[in-house]
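2 protein chains.
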Amino acid sequence: MFESAELGHKISKEMFRRELPLLREALLDAQLDLLQSRRFPVIILLAGVDCAGKGETMNLLHEWMDPRHIESHALRELTDEERERPPMWRYWRDLPPKGKIGIFIGSWYSAPLLDNVHGISKNAELDQQLDRIIRFETMLCNEGALILKFWLHLSEEQQRKRLRKLEKDPKTRWRVKESDWKNFKNYARFRTVSERMLRTTSTPKAPWNIVEGADERYRSLTIGRAILEALRRRLDAPAAPAADEPLPPLLTSIDGLQILQTLDMTKKIAKKRYDEELEALQGRLNLLSRHKNFNRLSVVTVFEGNDAAGKGGSIRRVTQALDARSYRVIPIAAPTEEERAQPYLWRFWRHLPRRGRLAVFDRSWYGRVLVERVEEYCSRTDWMRAYGEINDFEEQLVRNHTVVVKFWLAITPEEQLRRFKEREKIGFKRFKITDDDWRNREKWSLYAQAVCDMIDRTSTEIAPWTLVEANDKNYARIKVLKTICDRLEQALDRL
Amino acid sequence: MFESAELGHKISKEMFRRELPLLREALLDAQLDLLQSRRFPVIILLAGVDCAGKGETMNLLHEWMDPRHIESHALRELTDEERERPPMWRYWRDLPPKGKIGIFIGSWYSAPLLDNVHGISKNAELDQQLDRIIRFETMLCNEGALILKFWLHLSEEQQRKRLRKLEKDPKTRWRVKESDWKNFKNYARFRTVSERMLRTTSTPKAPWNIVEGADERYRSLTIGRAILEALRRRLDAPAAPAADEPLPPLLTSIDGLQILQTLDMTKKIAKKRYDEELEALQGRLNLLSRHKNFNRLSVVTVFEGNDAAGKGGSIRRVTQALDARSYRVIPIAAPTEEERAQPYLWRFWRHLPRRGRLAVFDRSWYGRVLVERVEEYCSRTDWMRAYGEINDFEEQLVRNHTVVVKFWLAITPEEQLRRFKEREKIGFKRFKITDDDWRNREKWSLYAQAVCDMIDRTSTEIAPWTLVEANDKNYARIKVLKTICDRLEQALDRL
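Quick note, the sequences are listed as chains A and B, same order. Sequential numbering from 1 applies to the first sequence in the working numbering. Sequential numbering from 1001 applies to the second sequence in the working numbering.
If we strip away everything but chain A, and leave its shape as in the complex, we get (with noise of 0.2 Å):
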């Protein structure tokens, strides 16, 4: 795979001071293009061997292009803010906005390489991080991204003799760190782990390119050139028609029996005894979130349910239990300008709790498989998509010990008729109806089964759906809040 890169590649300096006027000005083109047309992100990540000149590009591209629509990343240690949540987290931050470019020194290919050069990681483990990554820019290129990798390769001879000459000079001493020559001995077995590692994550819509390091000129022309003509290949591109593949059906049931119907939506609870069970469980979810061990988890709660389910009073019941610097209510509406700019997952990504916090998302995540594929926001390839990318998501946050609680809020549609006519009366609770809502209720049975798919897809083990018959507020209320405490205790248990 590194043949066509160990061929001693040059750029003369007149063929480069000939080129370089020309390119800069068809990248800063297209850059604007990009910019005024804002269709998708450009993901730049430049990897490859050590002192092959990742750097020098980075500073290049921001020289030939306008560096205010550039956003850059390099390498380091991870912040403690990044360290309590999941590993992608700071990728996922980093994304660019569609219009603008990101360039990566160091992105999420870096750990997964080094752990398994260094022997930390096995080859099992190396191609489960690597399918999480293929998963991950699948993903991206499936929400427009357009993703270009570069490798920059040097040859064993050439790294000795760029390290060398680098150290002899004093301008350019300080590059070399002792970490380099300690790399450069795992020369081979760090070509090997890459050639993997490239050969498993070139796909068709993000192919890896390598590129020989050695000459300057050369990387950075080549470099230069790769990225202006694909981004005139995207620009120039028809904007996608969004052709819908003809994808299987789901099942439905055929004998009319869903499992939203199998709850008892007579169940209710007496006043008093809810009064005395809610200052009981408000009681024992304080002590929790106080608990010494609190502090190594996350907790993520996601409220779903029909409108006027009592989502709210649910969500107030569980946050007056909690000390109000521990949590955060988040509630989900429309996507603000600079969340459409962005992944659909990026705007519930940004909000994930550090440890020893709780987020309370008040709608979420699901709305992609229930209101968007409902009324058509987003295509059936799309929504069919997300039960995997959701199910990614919960996964990497269980992983990195958060609780995820799901609860659907369920009524019936009398009841919630009856709500929405009490609402419309009372003065202060009329914010509360919506044209929306009427127009939604006409579409039960449609929500019914997006309902139903969704728990069918994505209850799992790890982090499973509680469906809560919510007619009788209190008991709902009850419900929610014995399977926090229920969940958590689990949790703490477990550590």
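What the hints contain is simulated information worked out from the structure, not anything from laboratory work. Please note that the accuracy of each hint is not assured.
Claimed, not checked - Quick list of in silico lysine-lysine cross-link-like pairs, DSSO-like style, CA-CA up to 27 Å: (1) A:Lys13 x A:Lys168; (2) A:Lys443 x A:Lys421; (3) B:Lys1421 x B:Lys1443; (4) B:Lys1010 x A:Lys267; (5) A:Lys271 x A:Lys292; (6) A:Lys482 x A:Lys272; (7) B:Lys1267 x A:Lys10; (8) B:Lys1292 x B:Lys1267; (9) B:Lys1185 x B:Lys1168; (10) A:Lys205 x B:Lys1205; (11) A:Lys122 x B:Lys1122; (12) A:Lys267 x A:Lys473.
Start from chain A and add chain B according to the hints.
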């Protein structure tokens, strides 16, 4: 994930009797349309809990449709033929051609699932295996297959009941094996691992469908209808327009230096030395092929090269050294009708050698990224994904102790012209030169680019390309023989 399949779904006898004739007629119609259109193959997987009705369902589907166009495969012990090939070989053999339906009980999912349940494989290995399955199924889908995956589920209680009931009845007692009760004790673990597996391998194009297995009528009607609906949806959709996505371009060399140009095409060998070395190398190869451990290996050699580069002559010098019972030469020309009805790699899988055998491919699967790319027989998306598919294929070979030796025989355009003219002159060689050869010559630079991309993307440490300077035929033959001997020796040493 199993919630909806534990609700106690039921279909009454009356409803079943009413629905069945309609379903059968519609299924037969769809099957006939499929057969006549020959547009795609249908792969139905029946998996799930023991005794949940997999076998009954398979029998029913045969009864309901025309069994002449259904190919069924049940889990069984590997034959010795299969044991000597990569694990996926048996499934490649069993793939239904376009227009037909293949039903699998016990598929590529069985071993990964059971190995993990019984603690033979760790979770990272399971993920690795599942990832390979996803790549395999994705490839099948991209090649047009319709994959329908049904998971027949029973709750723990339902399974216990069912096992007891089968045991009580003298007519069905034989169906309950001791292993069924043993597996039953593992129910919880089986459920956990199954869930993980179903979740990971549910993709938009090939999602799992979980079906409650307890009620025979419900189960049968659900699966029958789901198959019908999926068939109709695909048959009634317009034939895919193969919209070519705007994939990023592959890197091209900007200084005009390509790996093929770095070959020293003047290399030659004197006749006398050739005769000596040929004899020595053929002797060495013969000995190696009779090495006591040779029957623990398989060997696959691939000969690609420019037209008239001397592939045939080189191949003969190799086979001369071998016992005719131990090798097969597989000349690859246009695919047969049978082969065109399968994924493009199918016709190579069928020729994989057993242990102790050599397969010599005169042209190969690389046609996909050479002639099919240049002549636009397939779309850009198709040949771009082929690099990864080919690497996956060769990785399976290598994992199965196959030595993969790949040659590119290179000649210069001038030498080719000389040989073409010579062939036209000499009567018995005239059949070797066709109009196609002259046409290909005009596309020399397109082919050169395709060859370089092929080498860059598929020359791996486990299956490297050897570039052979073939202007001098004798030099080429010696290099080929020597390479095979060296690679074989290496592999035998490593055993």
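Which of the stated hints cannot be reconciled with the structure, identified by number in ascending sequence? 5, 8
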